[in-house]
Amino acid sequence: MALSRAPNVVRNDLEQVFRESYARVVAVAARVLGSNDEAEDVAQEVFLTFGRSDVPKGEAVGWLSVAAAHTALNHIRTGKRRAGREERARSHDTVTPDVAEAVVASEERRRVRQALARLPRKQAVALVLRHSGLSYAEVAAALELSPGSVGTTVRRAESALRKELEP
Amino acid sequence: MKRHPDDGVLRRLVDEPTGVTDTDRHHVTTCQICQAGLADARRDAEFAATALSSGDPALNGSVAPAPASAGPDLDAAWQRLIHTGDPARKTRTASRWRRSPFIAGAAVVALLGGATAAAAADWFPIFRTERIAPITVHQADLMAMPDLSTWGDVEIISKPEIHRVPSEAAAEKESDLELPRVGKLPRGVTGDPTWQAGRRISAEFTFRADKIKSPAPPMPAGLDGSKFRLTAGPGAAAVWQSNQGVPSLIVARAVAPTAYSTGVPFATARDYLLSLSGLPEDVAAQLRRFSADGTTLPVHVMPEEMSSAPADVNGVSATVLTSKDGVLSVVVWVQGGVVTAVAGSLSADEVLTVARGLR
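These protein sequences, in sequence, are chains A and B.
Counted the way our numbering counts, the first sequence spans residues 994 to 1160.
Counted the way our numbering counts, the second sequence spans residues 53 to 411.
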């Protein structure tokens, strides 16, 4: 008996923050999930939570980006990928000219997602944020790291990812 | 001679060189060791960029991050966010609950409910819900929390398959429960309800030592491969819709959760799972406390969204949950192995009045 509830849009600045940040939040989730359709689902989830929060507007982009990365990683880790979205992703694959290519691409997405989920969470989030366009200073602020340690964290994540994925 | 810049500095030279000091940049330019390190960092960064862009043409694989050129449809996305009856939103809500410590924590506790171990191959009851108690889990902890599948295999044996039925009699027949009747509807709730029924849900969890990532405390002997089964339901509900398309009142009843095991040292297993869970100590302590009697089902409450309070429904202890914005209230209690809930877009007083007036 799931209970639906009216959206608690309590923040006056929600629409402004949404319009300014939605594309970035989707981009962060898409880096994790390899699919813009699924990333938009994650973005909706993240903005619903943000809409009920009292996160200061000045910290919104960082908060939203971290939340998007965590939520997307949680989707992978717990295997909660909805059948409908999978179906939509498959329909994207069908436009690939070569069926074999589509199969390879799909398998590649799966391997990357699993490798990301196996990384230490902070490394995975730092990696995703940096590759989504956040500057070192923005990643540092969002993850409460020193700017100097962002490079180290991202470097370790990239090295681990390569070791996981390369034969 | 100046020490070599660390890996983090070399990494930053790849895609944000202006953030690196002139001294370090000069050193790297003239140092063969650092040049090799920089080449490694660049190679790994390019590999990661390609990997992270795989699968969707909208993403590119360059090391220098770039925003998506063809962005999402903002207006459609905004409408979806604020649209009340969006089916996808209902799915998300369900997804959030599946992922929550209600499952991760409650299932752990319910499965490891503190009963004595039984050296038997048959399923052995270890937990039955006699009461419900709220535990507080902050949003940040919720997001960092893995679920049971991180520590073993979770298999859904049977799904509730909640569906609409034509009448109260049909709902009662399917659930084999007598549904309570509302004495007086609260102000603003009108009309006749619709009826829903759901079948029994049953899930099985198998501990897997090979799934638990190190560093982790050593697994106690006998846990690897041990199985637990959690069941709940069947259930039924009366639902009054509002003109906004969301239920204004729900009165639901279901067979309360019960857990079974093939026989393990429960207290040891419980403490081991809680040590792996990543939960802060205060939450773990709440779960340990509730698990002591094997009859209290903890319901997680995220203080950023909900508040909880104890209540009394005609002599039975109950828990009232209220959303911070006052949009949603729920009162839930357990009696005789059956859990009953009254929920809706109502105040806490209103759901309590309905609950106390059930016949």
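No lab work stands behind these hints: they were computed from the structure.
Incorrect hints may have been included.
Label pairs and their computed distance ranges (CB to CB) [unchecked claim]:
1) 233(B) to 1100(A): 52 to 62 Å
2) 91(B) to 1134(A): 28 to 38 Å
3) 1101(A) to 340(B): 36 to 46 Å
4) 1159(A) to 265(B): 39 to 49 Å
5) 125(B) to 1005(A): 17 to 27 Å
6) 1130(A) to 91(B): 42 to 52 Å
7) 243(B) to 1115(A): 49 to 59 Å
8) 221(B) to 1100(A): 49 to 59 Å
Calculated lysine to any residue pairs in the SDA-like style (CA-CA distance at most 25 Å, straight line) [stated by the list, open to error]:
9) 263(B) to 1159(A)
10) 376(B) to 1152(A)
11) 265(B) to 1049(A)
12) 265(B) to 1152(A)
13) 376(B) to 1043(A)
14) 263(B) to 1157(A)
15) 1115(A) to 263(B)
16) 236(B) to 378(B)
17) 211(B) to 256(B)
The following residues of chain A were derived to be distant from chain B, with all beta-carbon distances above 10 Å [to be verified]:
18) 1005
19) 1006
20) 1016
21) 1045
22) 1049
23) 1051
24) 1052
25) 1054
26) 1134
27) 1136
Even for Gly, the Cβ is constructed at its ideal location relative to N, Cα and C.
Okay, the hints, checked on the actual structure:
Distance hint for residue 233(B) and residue 1100(A): a CB-CB separation of about 55 Å, consistent with the stated range 52 to 62 Å. Between residue 91(B) and residue 1134(A) the beta carbons are some 30 Å apart, a value that agrees with the proposed interval 28 to 38 Å. Remark: the range hint 36 to 46 Å for residue 1101(A) to residue 340(B) is upheld by a beta-carbon distance near 43 Å. Between residue 1159(A) and residue 265(B) the beta carbon distance is about 21 Å. The supplied range of 39 to 49 Å is therefore violated.
About 24 Å separates the C-beta atoms of residue 125(B) and residue 1005(A), a value consistent with the hinted range of 17 to 27 Å. The supplied range of 42 to 52 Å is broken by residue 1130(A) and residue 91(B), whose beta-carbon atoms lie about 26 Å from each other. As the Cβ distance of residue 243(B) to residue 1115(A) is approximately 52 Å, the hint placing it in 49 to 59 Å holds. Evaluation of the 49 to 59 Å hint for residue 221(B) and residue 1100(A) yields a pass: the beta carbon distance comes to about 51 Å.
Of the supplied pair hints, the one linking residue 263(B) and residue 1159(A) holds, its CA atoms being roughly 22 Å apart against a limit of 25 Å. Taken as a hint, the residue 376(B) and residue 1152(A) pair is broken in the structure, with Cα atoms around 44 Å apart against an allowance of 25 Å. For the suggested pair residue 265(B) and residue 1049(A), the alpha carbons sit about 36 Å apart, so the restraint of at most 25 Å is broken. Under the criterion of a C-alpha separation no larger than 25 Å, the hint pairing residue 265(B) with residue 1152(A) is consistent with the structure, at around 19 Å.
As the CA atoms of residue 376(B) and residue 1043(A) are separated by approximately 14 Å, the hinted pair is consistent with the 25 Å bound. Between residue 263(B) and residue 1157(A) the alpha-carbon distance is near 16 Å, which keeps this suggested pair within the 25 Å criterion. Distance hint between residue 1115(A) and residue 263(B) is fulfilled; the C-alpha atoms sit about 20 Å from each other, no more than 25 Å. Straight-line distance between C-alpha atoms of residue 236(B) and residue 378(B) comes to about 21 Å, which keeps the hinted pair within the 25 Å bound.
Restraint check for residue 211(B) and residue 256(B): satisfied, since their Cα atoms lie roughly 12 Å apart, inside the 25 Å limit. For residue 1005(A), the shortest C-beta to C-beta distance to chain B comes to about 14 Å, beyond the 10 Å cut-off, and the non-interface label holds. Look at residue 1006(A): its CB is around 14 Å from the nearest CB on chain B, clear of 10 Å, so calling it non-interface holds up. Not every Cβ of chain B is farther than 10 Å from the Cβ of residue 1016(A); the closest lies at roughly 4 Å, contradicting the non-interface assignment.
Annotated as non-interface, residue 1045(A) brings its C-beta within 10 Å of a C-beta of chain B; the closest such distance is 6 Å. With a least beta-carbon separation of about 15 Å from chain B, residue 1049(A) lies farther than 10 Å from that chain, consistent with its non-interface assignment. Listed as a non-interface residue, residue 1051(A) keeps its Cβ farther than 10 Å from every Cβ of chain B; the least gap is roughly 19 Å. Distance check on residue 1052(A): its Cβ is at least 14 Å (rounded) from any Cβ of chain B, clearing the 10 Å threshold; non-interface status holds.
At roughly 13 Å from the closest C-beta of chain B, the C-beta of residue 1054(A) stays outside 10 Å, upholding its exclusion from the interface. Separation of residue 1134(A) from chain B is adequate, the least Cβ-Cβ distance of about 14 Å exceeding the 10 Å criterion. Look at residue 1136(A): its CB is around 12 Å from the nearest CB on chain B, clear of 10 Å, so calling it non-interface holds up.
Of the numbered hints listed earlier, those contradicted by the structure are 4, 6, 10, 11, 20, 21.
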